[in-house]
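Asks: Residue-level listing of the chains:
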Amino acid sequence: MKTSTTPTRDAPQGFWLLRPGSLSLLVSRRGVWAGLLLALMTALVGVGNLSFGTPSLTPDQVLAALAGAGDPFNVFMLHELRLPRLTAGILSGAALGVGGCLLQTLARNRLATPGIIGIDDGATAFAVASIVAVPTSLAPPMLALVGAATAAALAFGLGGGGSRGYRFIVVGIAVGALFGALTNFMLARTDIDSANLAYPWTVGSLNARAPSTVVVLAACLVICLPIAKALGRQLQLLRFSDAVAIGLGTHVRHTRLAILVVTVFLTATAVAVAGPVGLVSLVAPEVARHLTGHRGVPIINSALAGALLMTAADWVGRTAFAPVEIPVGVITAIVGGPYLLWILLREPRMTGR
Amino acid sequence: MPVSLKSAAAQRGRRALLAFLPALAFLASGLLAAPAQAQQKTLETAFGPVTVKAQPERIITLDEGALDTVLAMGLQPVGSVAARGGKDLPGYLQAHAKNVPIVGVTREPSLEAIFSQRPDLILASPGLEKRVYDILSKMAPTIVPTTPTTAPWQERNALYVAALGKEEEMASRIAQVQARIASLRERIEPGQSFSVVRWMPQGPMAMSSKMITGQILSALGMQGTAIADELGERPHSDILSLENLGSVDADWMFLATLNEQGDATLAAAREQPAFNRLDAVRNNRAVTVDGQIWSSSTGVLAAERIIDDIERFLLNP
Amino acid sequence: MSKRRGRQLLHRTAIAGAGLAGVLMFASMLLGAGNLTPLESLHALLGQGSEDHRFIVFELRWPRTILAILVGVALGAAGTIMQAATRNPLAEPGLLGVSAGASFAVVLAIYYGADTAGVHFGIAILGALVGCFLVLLTTQMRGAGNDPVRLVLAGAAFSSILMSITTLILLHDQRTADEIRFWVIGALGGRPVSNLQWAVPGLLAGLAMVGATVAALAAMSLGEKVAMGLGHKPVFTRILAMTGVAVLVGTATAAAGPIAFAGLIVPYFARRLVGPDVRRALPIAMLIGPCVLLLADILSRLAVRPYELPIGIVTACIGAPVLIAVVRSHRLPRL
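Residue numbers (my numbering), protein chains in the order written: chain A, 1 to 353; chain Y, 354 to 670; chain C, 671 to 1005.
Hints should not be assumed to be uniformly reliable.
Said to hold, decoys possible - Chain A is nowhere near these chain C residues, computed Cβ spacing over 10 Å in every case:
(1) Leu679
(2) His681
(3) Arg757
(4) Met879
(5) Leu892
(6) His902
(7) Leu969
(8) Val997
(9) Arg998
To be verified - With a cut-off of at most 25 Å between alpha-carbon atoms, the simulated SDA-like pairs for lysine to any residue come out as follows:
(10) Y:Lys406 <-> A:Ala149
(11) Y:Lys440 <-> A:Thr58
(12) Y:Lys483 <-> A:Val75
(13) Y:Lys483 <-> A:Met142
(14) Y:Lys483 <-> A:Ala149
(15) Y:Lys440 <-> A:Ala149
(16) Y:Lys483 <-> A:Thr87
(17) Y:Lys491 <-> A:Gly249
(18) Y:Lys491 <-> A:Ala149
(19) Y:Lys406 <-> A:Val324
(20) Y:Lys491 <-> A:Phe73
(21) Y:Lys440 <-> A:Thr54
(22) Y:Lys491 <-> A:Val324
(23) Y:Lys406 <-> A:Ser24
Think of the hints as simulated: they come from the structure by calculation, not from any bench. Quantities reported herein were computed from a predicted structural model and do not represent experimental measurements. Each residue gets a CB set at the ideal place from its N, CA and C atoms; glycine is no exception.
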């Protein structure tokens, strides 16, 4: 054990020390490897998504079409159908992954997902309302965003704004249940054709997403991801307990509020694009933690894992029973469900967080 | 060494001719295209004017009424969505369709499958979301009508007919149906009332009199129930309390089931004492009908089937 | 409070509860979506009045009232015992996914050919049991039993999985989808009388099971070690209690569809009235349960005449604010 007073120059075990200019950055080695692996897999799945379908294209055809050359049929297929879908999938998956990671760390509970605090149900209710009940000039995606924001506002407002840790989660569940009942009611009152039209908004689907919402999502990601990363350090401290965090100089209330706001933004914009795909926010951070080790808060890796999960699920849903498409929300549930049960059943490690 | 003057002039001449050729070609194509353009037409859809070519050949139908219309006009679509009840085309249309590929279900049409058929016309449902429309319209002219569900059945598919360019043929077909209705009206007892309901365990839902079945039955001189007449734009009522079954009672009650297996529904309904007290049930005039046709369809083939059913029931009780 | 005062309070509350239930029963017979005035209903009740009116009162409203009472008792008892067994004031069969299990089982049954009206009880109870089993496993995990949020979250997550798998089934079969969207909101009307015949044994069996655990649960509220020292077996007690809850919830769901929040509101009120001791709260909950359900049913009949509002909507509208109030109060009702 070194007892000298000079600062050590070596990085601790498992980290790299980067010194760009006058800054010093500690980068977790395992985190970087995990991130690269996830990025690679996402890229592969992305290429797969672009290639397979009705009809399937070879990789060189894909590349040609991306560049705008080749058969105009392929170019249209790629530029108008598959590429927007892939983009929507990657962005929404990433946003949901990060949102899930933040909320799970904040709530100190591996089972907390943003959807559970009612955001998903609020978005669904408003979107369904716009399709079956209320003629408005706002399109369903925009209304979904409004619904998500409303549900979050209700959960916060009635739940004490996150100052009492778990209270707002439970209030969120109540709000979600209310919106869920409302949705069921509206679906029961309408004719089967409108109910069918509203269906994608009840399960989460990446079919024909509105580009404007995707742009909003992209903008949100670009803003929120760096903020989340910056808050990462405070978040690490909050993992232990409020007392420890305060002792180490964190503004607990402010940090908590900031994290909640970021989470809600990310989730709401993602749900406005993809509908309520709840289990991605649950499973993606788990995968990220599994790969990165349990040391830190894997924000970037959660984003990558979320993107991977979403695009993989979409690939399966789109091609498995073609031409019948299975919405992505259903696939993630089939995959995420057993995984969730596994979490439920195994012994929690250490603090179980 | 300078090029000889004669060849230079020839070269200039050739170049000038070459420069003219595109202009000539353009002019020629313009002349040839003019008659073709005159055969295109522009239709007013829910999303604005859409230009459709005169005789579309590769048609995709994303709506049952559209499929009905296309098949009735003797055309075969190159792709259609499956019926609401399953993975195939609607039962009553299968006989008319020859190997029509399925391109998804009403809930989730497969855009790739649609595009792979290289359509030149897409007939979609009213109520299609704009985001789906945007993508479809890039593939082919997409027709989305604005008629509400409660419009007269002859008009609901009029925009599809116009897009197909078959106005005359459809008009004569509809005239035939009207003639049939008129003759049937002579043969049935006047002054009867009817009620079309969907029977749920908690109570019945009354189908609006303005749906196709209500329209046809009214045209036959029969009277709908008050509750069905007063539904306005809604296609059916909420679930009526069992205490108010009298509101859906009538001389004839048609129970619409989601598919053709009516017997199970009727058996389940008979377990309810409230059901058995209805006059229509006591007089054995409660019959099951295919809900696919009776409560959801809109096309001329459906209309003909409905009249077949009505004939069968009312003339041979 | 002293034992004597406690017992007095219990008796008084029980009498008040029974009285309220009686009043509501009476109201349920008199009021409805039909064209009867309450006076006409009264005549019919007394045996006079037209045949139509008597039909409505005796054949439609009476079975419904009985069903409301049965389901109210079942859900009230189930909620109380579940909260006592998991030591968690937020545990509610619906929130913990037990109802989702029963509903899922029913959807499967419908998919494989049954009718909404004729679904077997056993299937719903089986689904509820599986759901309960999983919840039980969660409480057995270290520390999870004492963490309110974890349990509720586990249940909510579990429910959402089941809903998604259900959706997959519904994607395949539109007929099921069309029937389910009406069943899934719960309704007391239109249930065949045979339902009642099956519901009663189910209810009694479930009550017997939970009744046997009441003493042990009361001891367990002092801590598991204390309970063991007093001669009880905590693990066995919990298993028995949860099985009883599963039977009760399965019965209620098979009879009337999933009715949200009923199992949460009722124990809350019961504990507010007589304190946290489960030996006292249980009988009161069994009286308040029918009151809540009868009230919700009456409201569902009167709100949108001549139609009826599905009862699940009414209980969700009442229950969600109650849940929020529970959480916002300074201290959670102690167990």
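Asks: Next step is simple, just say for each hint if it's right about the structure.
Replies: Results for each hint:
1. Against the 10 Å criterion, leucine 679 of chain C stays outside the reach of chain A, whose nearest CB is about 29 Å from its own CB.
2. No beta-carbon of chain A is positioned within 10 Å of the beta-carbon of histidine 681 of chain C; the least distance is around 34 Å.
3. Distance to chain A confirms arginine 757 of chain C as a non-interface residue, since its nearest Cβ pair spans about 16 Å, more than 10 Å.
4. For methionine 879 of chain C, the non-interface assignment is confirmed: its Cβ lies about 24 Å from the closest Cβ of chain A, beyond the 10 Å cut-off.
5. Remark: the non-interface label on leucine 892 of chain C is consistent with the geometry, its nearest Cβ contact in chain A lying 24 Å away (cut-off 10 Å).
6. Remark: the non-interface label on histidine 902 of chain C is consistent with the geometry, its nearest Cβ contact in chain A lying 25 Å away (cut-off 10 Å).
7. Under the 10 Å C-beta cut-off, the non-interface status given to leucine 969 of chain C relative to chain A holds; the minimum distance is some 14 Å.
8. Taking the minimum C-beta to C-beta distance to chain A, about 5 Å, the non-interface status of valine 997 of chain C is violated against the 10 Å cut.
9. A beta-carbon of chain A is positioned within 10 Å of the beta-carbon of arginine 998 of chain C; the least distance is around 7 Å.
10. Only pairs whose Cα atoms come within 25 Å are accepted, and lysine 406 of chain Y paired with alanine 149 of chain A is rejected, the gap being roughly 45 Å.
11. Between lysine 440 of chain Y and threonine 58 of chain A the CA atoms are separated by roughly 30 Å; this puts the pair beyond 25 Å, and the hint is violated.
12. Restraint check for lysine 483 of chain Y and valine 75 of chain A: satisfied, since their Cα atoms lie roughly 23 Å apart, inside the 25 Å limit.
13. A hinted pair counts as satisfied when its Cα atoms are at most 25 Å apart, and lysine 483 of chain Y with methionine 142 of chain A qualifies at roughly 12 Å.
14. Proposed proximity of lysine 483 of chain Y and alanine 149 of chain A is supported: the alpha carbons are some 23 Å apart, at most 25 Å.
15. Of the supplied pair hints, the one linking lysine 440 of chain Y and alanine 149 of chain A is violated, its CA atoms being roughly 37 Å apart against a limit of 25 Å.
16. Between the alpha carbons of lysine 483 of chain Y and threonine 87 of chain A the distance comes to roughly 19 Å, so the proposed pair stays at or under 25 Å and holds.
17. A threshold of 25 Å between alpha carbons decides the hint, and for lysine 491 of chain Y with glycine 249 of chain A the separation of about 57 Å lies outside it, so the pair is violated.
18. For the given pair, lysine 491 of chain Y sits about 33 Å from alanine 149 of chain A by alpha-carbon distance, which is inconsistent with the 25 Å threshold.
19. Simply put, lysine 406 of chain Y and valine 324 of chain A have alpha-carbon atoms about 29 Å apart, too far for the 25 Å limit, and the pair is violated.
20. The suggested pairing of lysine 491 of chain Y with phenylalanine 73 of chain A holds, with an alpha-carbon distance near 12 Å, which does not exceed 25 Å.
21. Taking the CA atoms of lysine 440 of chain Y and threonine 54 of chain A, the gap is about 18 Å. The hint holds against a cut of 25 Å.
22. Restraint check for lysine 491 of chain Y and valine 324 of chain A: satisfied, since their Cα atoms lie roughly 22 Å apart, inside the 25 Å limit.
23. Proposed proximity of lysine 406 of chain Y and serine 24 of chain A is contradicted: the alpha carbons are some 67 Å apart, above 25 Å.
When held up to the earlier numbered hints, the structure conflicts with 8, 9, 10, 11, 15, 17, 18, 19, 23 and fits the remainder.
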